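Participant: Single-letter residue listing:
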Amino acid sequence: GENVEQHPSTLSVQEGDSAVIKCTYSDSASNYFPWYKQELGKGPQLIIDIRSNVGEKKDQRIAVTLNKTAKHFSLHITETQPEDSAVYFCAATLPTSGTYKYIFGTGTRLKVLA
Amino acid sequence: DSGVTQTPKHLITATGQRVTLRCSPRSGDLSVYWYQQSLDQGLQFLIQYYNGEERAKGNILERFSAQQFPDLHSELNLSSLELGDSALYFCASSVETSPHEQYFGPGTRLTVT
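So the sequences go chain by chain: W and G. Residue numbering for the first sequence follows the numbering used here, beginning at 242 and increasing consecutively. Residue numbering for the second sequence follows the numbering used here, beginning at 2 and increasing consecutively.
In isolation and in its complexed conformation, chain G is listed as follows (with noise of 0.2 Å):
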């Protein structure tokens, strides 16, 4: 158990639709990070917040936001789905934004129908 908590677990949805993704990071971790993981790919980073503030962006869509809470807890919005957007999406948090291990969570699995 790597201490990052995401919610919910599984999640069946239809294209045009908007669903909010959430992680919970392990405690006194500042940064939290999204990525992407389609079926048999890599991961993608989409978006880094640190303490609040947005830090870096990757290839995150225009159609996908996110923010981090006062009590760190972060949330990804993805909004008019598409079926390609199916996909693991993880987060993972880490104690500062220098380069520092990650712990990621389980993960969000996101299925557009």
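Isolated chain W, as found in the complex (with noise of 0.2 Å):
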């Protein structure tokens, strides 16, 4: 069935060091690749997607890269800040019915440690 697996569940890093995030999705039809930050008490707040038509994408400090052929994807965040403590939950698109679902992984909580 559909799924999409994220690893680790929790990562702890030193400031100024980086953070690498991986998802796994089950579904070749998937072609679109979004990854949330969800800080406490608040909503998930996309910040980096990729389609399928590309290999990597990066934005300041975070870069996605996605691996079609081993339908891996994975999030990077380099140089972390205090303030990059969060959760961060990876998604894949599963078309279905005329329409697109979103299938989330179970998230990872990360800690910068100043």
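Heads up, a few of these hints could be off.
[Stated by the list, open to error] Taking lysine-lysine pairs in the DSSO-like style, the calculated list, with each CA pair at most 27 Å apart, reads:
| no. | chain 1 | residue 1 | chain 2 | residue 2 |
| --- | --- | --- | --- | --- |
| 1 | G | Lys10 | W | Lys283 |
| 2 | G | Lys58 | W | Lys312 |
| 3 | W | Lys342 | G | Lys58 |
| 4 | W | Lys299 | W | Lys309 |
| 5 | G | Lys10 | W | Lys278 |
| 6 | W | Lys283 | W | Lys298 |
Since the hints were derived computationally from the structure, they do not count as laboratory data. Every value quoted in this text rests on a predicted model; they were computed, and no experiment measured them.
Dock the two chains into a complex; use the hints.
Facilitator: Following this line, the structure appears as structure tokens:
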């Protein structure tokens, strides 16, 4: 069935180090992969996304890579800062009955230690 | 601020009761999605509406229903509430049904006692 696996579930890094979160999707028809950041008490906020016709996308300290063959995509955060601490969710869209469902990973709690 | 509004912010009710959660999408967005997030859990897709019509269903219980009105706001109705229904309920909107960025509201925290 449709599924998105996300690892690790928790991640602690020192300020200034890099953080990598990985996701794997099951349906090869998926073609859009957003990443969301959720801070405590708030709704998820889109931080970066990638479509299946692109292998990599970068926005300042954040980058996403996509390997369609392996059905893997990853979020890379460089030069981490304390304000990067949050829960991060990956998602993959799945076409269904003329629309698209968004299947979310289970989340990664990132702690950036000052 | 995503532009998506949800009311109420908090809701406390008893088992067996019925509640209605409300969502107003971003201006111009035709698609509305509802999600449930239980404690330390991911986002579970419940249902999607596009321009007033139901377009996709996820893991939505029969006790739950939703609708989207002509002005594009949406309501999620939860009935015969159980303790396990306690969760954060998020609404998200997007421009269209094709894969597109979703914008999430701040959520409604439902507590069933």
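Participant: Confirm or reject each hint.
Facilitator: Here is what the structure says about each hint:
{"no.": "1", "hint": "G:Lys10 / W:Lys283", "result": "11 Å, holds"}
{"no.": "2", "hint": "G:Lys58 / W:Lys312", "result": "24 Å, holds"}
{"no.": "3", "hint": "W:Lys342 / G:Lys58", "result": "8 Å, holds"}
{"no.": "4", "hint": "W:Lys299 / W:Lys309", "result": "18 Å, holds"}
{"no.": "5", "hint": "G:Lys10 / W:Lys278", "result": "20 Å, holds"}
{"no.": "6", "hint": "W:Lys283 / W:Lys298", "result": "26 Å, holds"}
When the structure is compared with the earlier hints, no violation turns up for any of them.
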